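Asks: Listed below, chain by chain, are the residues.
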Amino acid sequence: MNREASEESNYIVDTENAITQYADMVFRIALVQMKNRSDADDIFQEVFLRLVQHKSKIKSEEHLKAWLIKVTINCCRKHFDNAWNKKTTSLDFTDVFAEGKYGEVKDDTVLDAVLELPFKYKIVVHLFYYEEYSIKEIAVILKQSESTIKIRLSRAREKLRMYFKGGCDERSI
Amino acid sequence: MKEAYKNDIDKIHAPEDLIDRTKKAVRLKEAESGDKKQESVKPKNHFVTWKKFAIAACVCLVIFSGSVVTYKRNNYIVVNPSVVEATHTLDTKISFGKIDMDSNQDEIKIQKFRKKTELIRKIWGTSPSKIHGIEVYIVRGEEKNSYYSAYKKGNKFYLAYGKNMKQKEFIKKFTEILLDK
Chain W
1 MNREASEESN YIVDTENAIT QYADMVFRIA LVQMKNRSDA DDIFQEVFLR LVQHKSKIKS
61 EEHLKAWLIK VTINCCRKHF DNAWNKKTTS LDFTDVFAEG KYGEVKDDTV LDAVLELPFK
121 YKIVVHLFYY EEYSIKEIAV ILKQSESTIK IRLSRAREKL RMYFKGGCDE RSI
Chain U
1 MKEAYKNDID KIHAPEDLID RTKKAVRLKE AESGDKKQES VKPKNHFVTW KKFAIAACVC
61 LVIFSGSVVT YKRNNYIVVN PSVVEATHTL DTKISFGKID MDSNQDEIKI QKFRKKTELI
121 RKIWGTSPSK IHGIEVYIVR GEEKNSYYSA YKKGNKFYLA YGKNMKQKEF IKKFTEILLD
181 K
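Respectively, the protein sequence lines represent chains W and U. Residues in the first sequence are numbered from 1 upward in steps of one, following the numbering used here. Residues in the second sequence are numbered from 1 upward in steps of one, following the numbering used here.
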């Protein structure tokens, strides 16, 4: 068992168990942010290898989840800022879905719309609507102020409204 | 639409091969880092080191302070104002010898008595000093740069007199006599 007690509390991090439990969450964030399988795979591995290094700092299950999200986003940002990545274009996300590897996507309009959002808006939308974190929690994870998160969410909604040509209200994106 | 987004994301799952590869990589990394972590399982508790040092310092301070206090208890000089009203009050009748009170020599004269004379009694009434644990009584003489000292050794009383010397010199010479140096 790969367990190590946190220095500050009695919470024990089982790395392999964490992979099993949070694989989908990490992979989804990585794939939505990077829009390609190759980068998402690299980021997925990098996140859990980092967990091995830093698991002694994890105080609780909630902390572990937030930590994984934070590190995934940071790794995505690092990959995204990489000069090589800026020059290359990733595969069309819907083509990847169309291959059927991740299940059938009957209606990819909403997902397409979110994927079109800028990097920093996409993650806010994902954490708010899919992971169902509050503005305050998202602010803590992303180390931004609550007002910044609110502005990003508001702008993301606006862009999505524009994408759907004014057919949505705030409560449902 | 929120539900549509959620449904789309729900369909995304991490591939099994990716999970397996990652678990293997993690196991390998943990095996490598496991050896390094054995060396530093217990972080050094600097507080404990400093605590021990602080305790040792306090003990030394207490011992030193005690020594200083003990030394000071056995060594202190109080030079009292003159109680010698006139040289004629010096009682030499019962003395074993004479004190040449008119001596101009820069040395201390000692006289021994079986019991306290009037002068010794007067000197004894002043504040005591201690020289190496021996209780003595030191007073100034009427004359400038003259001093008397009275003390008991065994069952005899002693009277010392010094003239034409400064206080420090008198005490130094008297101490030598007292300690039989």
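Hints listed in this document are in silico derivations from the structure and should not be mistaken for laboratory results. From a predicted model like this one, the values you see are computed outputs, not experimental measurements. Incorrect hints may have been included.
Claimed, not checked - 25 Å max Cα-Cα, derived DMTMM-like pairs, lysine to aspartate or glutamate:
1. W:K120 with U:E135
2. W:K150 with W:E131
3. U:K11 with W:E146
4. W:K122 with W:E146
Unchecked claim - From the derived model, a few chain U residues whose C-beta atoms are all more than 12 Å from chain W:
5. Y5
6. I63
7. V83
Beta carbons: idealized from backbone N, C-alpha and C, even for Gly.
Asks: Now look at each hint and say whether the structure bears it out.
Replies: Quick rundown of the hints versus the structure:
1. A hinted pair counts as satisfied when its Cα atoms are at most 25 Å apart, and W:K120 with U:E135 does not qualify at roughly 90 Å.
2. Between W:K150 and W:E131, the direct Cα distance comes to roughly 16 Å. Compliance with the 25 Å bound is thereby established for this hinted pair.
3. Restraint check for U:K11 and W:E146: not satisfied, since their Cα atoms lie roughly 30 Å apart, outside the 25 Å limit.
4. A hinted pair counts as satisfied when its Cα atoms are at most 25 Å apart, and W:K122 with W:E146 qualifies at roughly 16 Å.
5. A beta-carbon of chain W is positioned within 12 Å of the beta-carbon of U:Y5; the least distance is around 4 Å.
6. Every C-beta of chain W lies more than 12 Å from that of U:I63, the closest at about 39 Å, which supports listing it as non-interface.
7. Taking the minimum C-beta to C-beta distance to chain W, about 76 Å, the non-interface status of U:V83 holds against the 12 Å cut.
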